[in-house]
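From first to last, the protein sequence lines stand for chains G and B.
So in numbering that gives the first Met the number 0, spot 245 of the first sequence is number 244, and the numbers just go up one at a time.
So in numbering that gives the first Met the number 0, spot 267 of the second sequence is number 266, and the numbers just go up one at a time.
Hint data in this document are derived by calculation from the structure and do not stem from the laboratory.
A hint or two may mislead.
[Stated by the list, open to error] Listed next, the in silico DSSO-like pairs over lysine-lysine satisfying Cα-Cα at most 27 Å (straight line): (1) LYS173/B to LYS23/B; (2) LYS149/B to LYS103/B; (3) LYS220/B to LYS291/B; (4) LYS100/B to LYS149/B; (5) LYS186/G to LYS199/G; (6) LYS186/G to LYS220/B; (7) LYS186/G to LYS97/B; (8) LYS103/B to LYS186/G; (9) LYS262/B to LYS331/B.
[Stated by the list, open to error] The following residues of chain B were derived to be distant from chain G, with all beta-carbon distances above 12 Å: (10) GLU70; (11) ASN244; (12) THR321; (13) SER343; (14) ALA344.
[What the hints assert, rightly or not] If we take Cβ atoms under 8 Å as the criterion, some of the chain B residues that face chain G in the derived model are: (15) MET75; (16) PHE83; (17) ARG99.
Each residue gets a CB set at the ideal place from its N, CA and C atoms; glycine is no exception.
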Amino acid sequence: MLKKLKRSKIKIITVLSSLFLAAFILVLIICVVTHTTLPALITSILSEEIQFAIKLSLTTAVVSTVMCIGISIPAAYALARYDFFGKSVVNTILDAPLALPPLVAGVGLLILFGTTSFGRGLADAGLTFVFTPLGIIIAQFFVNVPFMFRILRGTFQSINPRYEHVAETLGCTEAQAFWRVTLPMSKNGLLAGSIITWSKGIGEFGAALMVAGATRMKTETLPISLYLNMSCGELNLAIAAATILIIISLISLFVFERYGGFTRVF
Amino acid sequence: MIRIEHLSKDLGEFFLQDVTLDIKNGEYFMVLGPTGAGKTILLETIAGIYRVDSGRIFLDEQDITDIPPRERNIGMVYQDYTLFPFLTVEENIGFGLKSRKVSKREIKRRVDELANLMGVFHLLHRCPGTLSGGEQQRIAIARALIMEPKVLLLDEPLSALDTQTTERLRQELKNVHSITNTTIIHVTHSFEEAFLLGSRMAVMDKGEIVQVGTPNEVFRKPESEFAAEFLGVGNLFQGESRVDNDIACIDVDGINIVSATLKPGTVHVSIRPEDILVSTKQIVSSARNSFKGKIASIVDAGTILRIAVDVGIDNPFIVAITRQSFDEMNLKTGGEVYITFKASAVHVF
């Protein structure tokens, strides 16, 4: 009897903790979206500035995600399948941006593209990264590529190489075996990685701020817009940007949970 | 014909050491060995998945050691089926012909043909994940056979299946072999399987081939202690089994062996040498089999001795006893003894 009471006490405490946490998160979100009236919110969302920010955020995030996919597929495959000299060092370095504060990453990118002859060479060739939307893309890419890489590495590791072996005995070259068998089997991991990378790209602030700056109507993504409008008291516009960021995160979370691979990566 | 000469390959955990084998066209060749003997890597090296460290492989006199898997025309079936989960059964079977750029109509025709041969026609539109192990393995075999391979490699294809399915698939493999006349190399750790399917077999241990011969030769005359130990044989007979009152009575060259396995008809019988009791006087016990015989030979194998007891049938019974018992019983060649074993120790297949 006493034991039962004790157990139910633990139950009450733990359940209350979880309810408290859920309420805290919910209140926070509601505070943001109800701060202004609905008509004011709609007007702000339809304003030229927020429309620009939405478009810039969406495009930069899509481009940086595609870049992450492009480099992560071969890199993750190599680290999942092959043994080579320096593999563990490469593995560690590739995970490093995860631990690096985005602001620090941004400073690094700024120095690389702004002050070195490599950066100047690129600028001369027409690829200017400093204080341009290109800078936003490279910042998102740098900060988010470890997520894509890690998910894909896990995905490829979970696929038995025997599938490729069988495909090769069935007339495939190594490349065809990868394209016709491994890649389709990685579908869920790819999808999950893309969603995470993309939604984190949409929210990227620190590194992008350092490299691309916060120029209204030029490098103004949704988070930058939130920051700019907040700092100059344009509360309605700031709330509009925040609301859209919330909606995008919630949708991404939903899609990720629904199709998010981890339970069904073959 | 496939000829393997002095093949070596080291993958760390698994390795092959100086493997030499000759396998004739149309042969059903079994490779028997315990887990970790290097059986799978032998097949994978023949298929071309791994480059050899040294040695050569010839297929019909052509040196295929350095050509990629897709140009070898050797099929491979794994224990865990490895069907492509994102393709239907039909697309799985047709996968190889698609690589060869065969026309859609021809692929359809061949897929139907193979699906019929393997009895999976009704499953063509299903996805592999929803099928039973036996069904998946049939599909995997069809997928390999559609390429009309010169050699079909089977890597423990029946190990993951239940007993009933295993028995059915064994029969089907036999049929497939006689219909297609494909050379088959089949790897297993089951001595039954090797005996029932193989026209010849090799015993493998620690990356090496220990013995090659017909199953009968290998089982009767294991050339190494490992082979004898691993096969656990010596006592292998053929007889007619009659099932009566929940007990099977098997007539082997005139003596009746009682077994708890109820399988009627012509059967193989095996009894592990260590399951047989030897005594100088007839003993009364619950064991259902007891025969009188003469010691034909005694082989000293260290701590264990193998005694051959002639009970008046073609092959003597082999009994394994410890040195201690041997010394105490004062057994001699030519001496009269009784052998006794339980009906449940009689393995029938």
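Hint check:
no.: 1; hint: LYS173/B to LYS23/B; result: holds (17 Å)
no.: 2; hint: LYS149/B to LYS103/B; result: holds (24 Å)
no.: 3; hint: LYS220/B to LYS291/B; result: holds (24 Å)
no.: 4; hint: LYS100/B to LYS149/B; result: holds (20 Å)
no.: 5; hint: LYS186/G to LYS199/G; result: holds (20 Å)
no.: 6; hint: LYS186/G to LYS220/B; result: violated (54 Å)
no.: 7; hint: LYS186/G to LYS97/B; result: holds (21 Å)
no.: 8; hint: LYS103/B to LYS186/G; result: holds (26 Å)
no.: 9; hint: LYS262/B to LYS331/B; result: violated (37 Å)
no.: 10; hint: GLU70; result: violated (9 Å)
no.: 11; hint: ASN244; result: holds (48 Å)
no.: 12; hint: THR321; result: holds (44 Å)
no.: 13; hint: SER343; result: holds (39 Å)
no.: 14; hint: ALA344; result: holds (38 Å)
no.: 15; hint: MET75; result: holds (5 Å)
no.: 16; hint: PHE83; result: holds (6 Å)
no.: 17; hint: ARG99; result: holds (5 Å)
Consistency note: the structure conflicts with the earlier hints numbered 6, 9, 10.
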